[in-house]
Each structure stands twice: as C-alpha cells, then as structure tokens.
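Enquirer: One letter stands for each residue in the lines below.
There are 2 protein chains.
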Amino acid sequence: MAKQAASKTRGVRGSRTGRPIMALLDLLGRRWSLRILWELRDEPLTSRVLRTACDEASPTVLQARLTELREAGFVELGDGGGYGLTALGRELCETFMPLYRFAERWKR
Amino acid sequence: MAKQAASKTRGVRGSRTGRPIMALLDLLGRRWSLRILWELRDEPLTSRVLRTACDEASPTVLQARLTELREAGFVELGDGGGYGLTALGRELCETFMPLYRFAERWKR
DNA sequence: CGTATTGCTACGATAATTGTAGCAACGGAG
DNA sequence: CTCCGTTGCTACAATTATCGTAGCAATACG
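Chains B and D are the protein sequences, given in the same order.
Here the numbering used here is used: position 31 in the first sequence is 358, and no number is missing along the way.
Here the numbering used here is used: position 15 in the second sequence is 342, and no number is missing along the way.
Careful: at least some of the hints might be erroneous.
To be verified - With a straight-line Cα cutoff of 20 Å, these simulated EDC-like cross-link-like pairs (lysine to aspartate or glutamate) come out:
1) K434(D) <-> E395(B)
2) K434(D) <-> D353(B)
3) K434(B) <-> E398(D)
4) K434(B) <-> E418(D)
5) K434(D) <-> E403(B)
6) K434(B) <-> E403(D)
7) K434(B) <-> E395(D)
As the list claims (entries may be wrong) - Output of the computed footprint for chain B on chain D, the stretches with three or more beta carbons under 8 Å from beta carbons of chain B:
8) 355-367
9) 414-427
No wet-lab data here; the hints were simulated from the structure.
Glycine included, C-beta positions come from ideal geometry on N, C-alpha and C.
Modelling step: build the complete structure from the supplied sequences, incorporating the hints.
Expert: Below you can see the structure in the form of structure tokens.
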C-alpha cells in the first residue's frame with residue numbers, strides 16, 4: 328500500500344472537524360443512549376420506569392444521558408413529569424428503527 | 328406500581344435479555360463501534376488508516392471493537408490486509424446511513 | 001401528620017478507555 | 001543476505017466512565 332501521509336490534503340475522512348455526524352455518532356455511542364431513545368419510542372416514561380426498562384441501569388449514568396439527550400434536543404421532560412421524545416427525537420428514532428428488523432434477521 | 332424482582336445474576340455488560348435488538352444496541356453503544364462502521368462504509372481500511380480516521384483512538388479499544396464486530400459478522404479482515412465490511416455489515420451500515428442527513432439538519 | 005410518588009445526586013467500587021510503547025511477521029529494495 | 005517500512009496486534013499504567021447503593025428536596029394525596 329502506498330504512503331498515506333498525502334491523505335492529509337483531503338482532510339482524513341471522519342476527523343472531528345465539528346461535523347455533525349461525528350458529534351451524533353459520539354453521543355449515540357455512549358452507553359444507554361440508543362437504549363433510552365429506543366425505550367421512549369412509543370410513549371413517555373417516568374425516570375424510574377425508564378430505569379426499569381433499561382435493565383436497572385445506574386441512575387447516575389441514566390441522568391447523565393438524559394441531560395445530554397435533552398441538551399441535544401431529542402428528549403424533553405414533560406410538565407406533568409416523565410421523559411418523552413421531542414419531535415426531533417422521534418425523527419431520530421425513526422431513522423434507526425429499521426435496526427429492529429435487521430437485528431431479528433441477525434440473531435447472532 | 329409494584330415491586331419488581333430485583334436481582335438475577337447480572338452480567339457485567341447490559342442486555343442479557345436475549346432480544347437481538349438489545350444485543351445490537353449494546354454492541355453499537357460501545358465507544359467507536361458506530362464510528363468504525365461509518366468509516367468503513369466506502370472501502371476497506373488498514374488498521375492504522377482506520378485509527379487515523381477514528382481521530383487517533385487508542386489501538387487497544389480499536390482492536391477490541393474490531394474483534395467484536397468481526398465476531399458479530401459485520402467486519403472482516405481481508406486476506407490482503409485491511410478491514411472491510413461484510414455483506415451483513417454493509418447492510419447494517421445502510422440502515423443508519425440516513426443518520427447523516429439527520430445530523431446535517433440537526434447541527435446542534 | 002404519614003406515605004408515596006416525582007426527578008435527581010453523592011460516593012466508593014469496579015469496569016472501560018486512553019496513551020505510549022513495543023512486539024512478530026511479511027515484503028520490497030539495496 | 002540485511003535494512004527498512006509496513007501490517008495486525010498487545011502490554012501496561014493512568015485516566016474516565018459506569019455501576020450499585022443510598023439518599024436528598026419537592027410534590028401530591030389522605
């Protein structure tokens with residue numbers, strides 16, 4: 328294979344040049360992020376119910392993810408209590424909903 | 328709401344539910360998993376080039392993810408060297424490719 | 001008042017990730 | 001052959017992230 332030093336000119340594919348996709352992959356790549364969005368896909372859940380749905384994950388990291396997802400605009404805390412997806416969050420959830428069927432065929 | 332059965336033998340990593348979607352979300356929820364798949368979407372890359380593309384991530388965890396993704400059947404090591412997506416991996420990559428357009432509109 | 005929710009936090013213990021350095025194997029040039 | 005550069009891959013200590021348990025203030029209802 329040829330030398331790769333010259334590839335700097337095109338800006339190596341995927342360097343974190345602030346490209347939104349990288350920030351998104353990083354956020355979704357944190358533990359419980361995908362799972363939280365997945366569990367909220369149908370209806371809002373209270374923090375405790377969400378915790379139960381997420382296999383009794385530690386509330387520490389769950390709160391951290393919820394805060395991050397809220398700051399990202401994907402999740403919101405309803406005035407009556409309970410976490411739910413925003414319109415943007417629902418949209419995001421739809422984009423990886425096909426994963427379910429893929430996983431079923433995957434089976435591992 | 329009633330009490331729920333609190334402890335079974337708990338795996339270290341979450342999602343022992345047996346549901347494929349949970350195992351998949353858990354695997355993709357590990358650091359650099361999504362990124363690796365993303366960087367390999369076009370063409371196979373050698374380990375070092377992949378590392379550069381992944382923002383100089385530590386080779387330790389990169390190797391770990393590559394091993395996991397290979398065991399999952401998403402990534403393979405070509406006989407000429409270089410990591411590439413399997414047919415299954417390409418299929419998986421396609422399912423969350425819409426994330427790119429979503430991220431562009433998201434901007435944060 | 002007591003009791004039960006809600007969202008949220010503290011904190012020690014444990015697991016995951018980082019950063020740096022380096023290995024054996026293979027191949028091309030000299 | 002040796003020398004050099006590449007490949008995939010690993011060791012190791014240091015740093016983060018996550019876990020697990022306990023508990024907080026605020027709210028609501030009887």
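Enquirer: Against this structure, judge whether each hint is valid.
Expert: Hint check results:
For the proposed pair K434(D) and E395(B), the alpha carbon gap of about 15 Å is at most 20 Å, so the pair holds. Using a Cα cut-off of 20 Å, the hinted pair K434(D) and D353(B) holds, with the two alpha carbons roughly 14 Å apart. Using a Cα cut-off of 20 Å, the hinted pair K434(B) and E398(D) holds, with the two alpha carbons roughly 13 Å apart. With a CA separation close to 14 Å, the supplied pair K434(B) and E418(D) stays within the 20 Å bound.
For the hint pairing K434(D) with E403(B), the CA-to-CA distance comes to about 18 Å; that is within 20 Å, so the pair holds. Proximity of K434(B) to E403(D) is assessed by CA-CA distance (about 18 Å); at most 20 Å being required, the pair is judged to hold. For a cut-off of 20 Å, the pair hint linking K434(B) to E395(D) stands: about 15 Å separates their Cα positions. Counting residues of the region 355-367 of chain D whose beta carbon lies closer than 8 Å to any beta carbon of chain B gives 10, which meets the minimum of three for the stated coverage.
Closer than 8 Å: that is the beta-carbon criterion, and the region 414-427 of chain D has 8 residues meeting it against chain B, so the requirement of 3 holds.
Of the hints listed earlier, there is not a single one the structure fails to meet.
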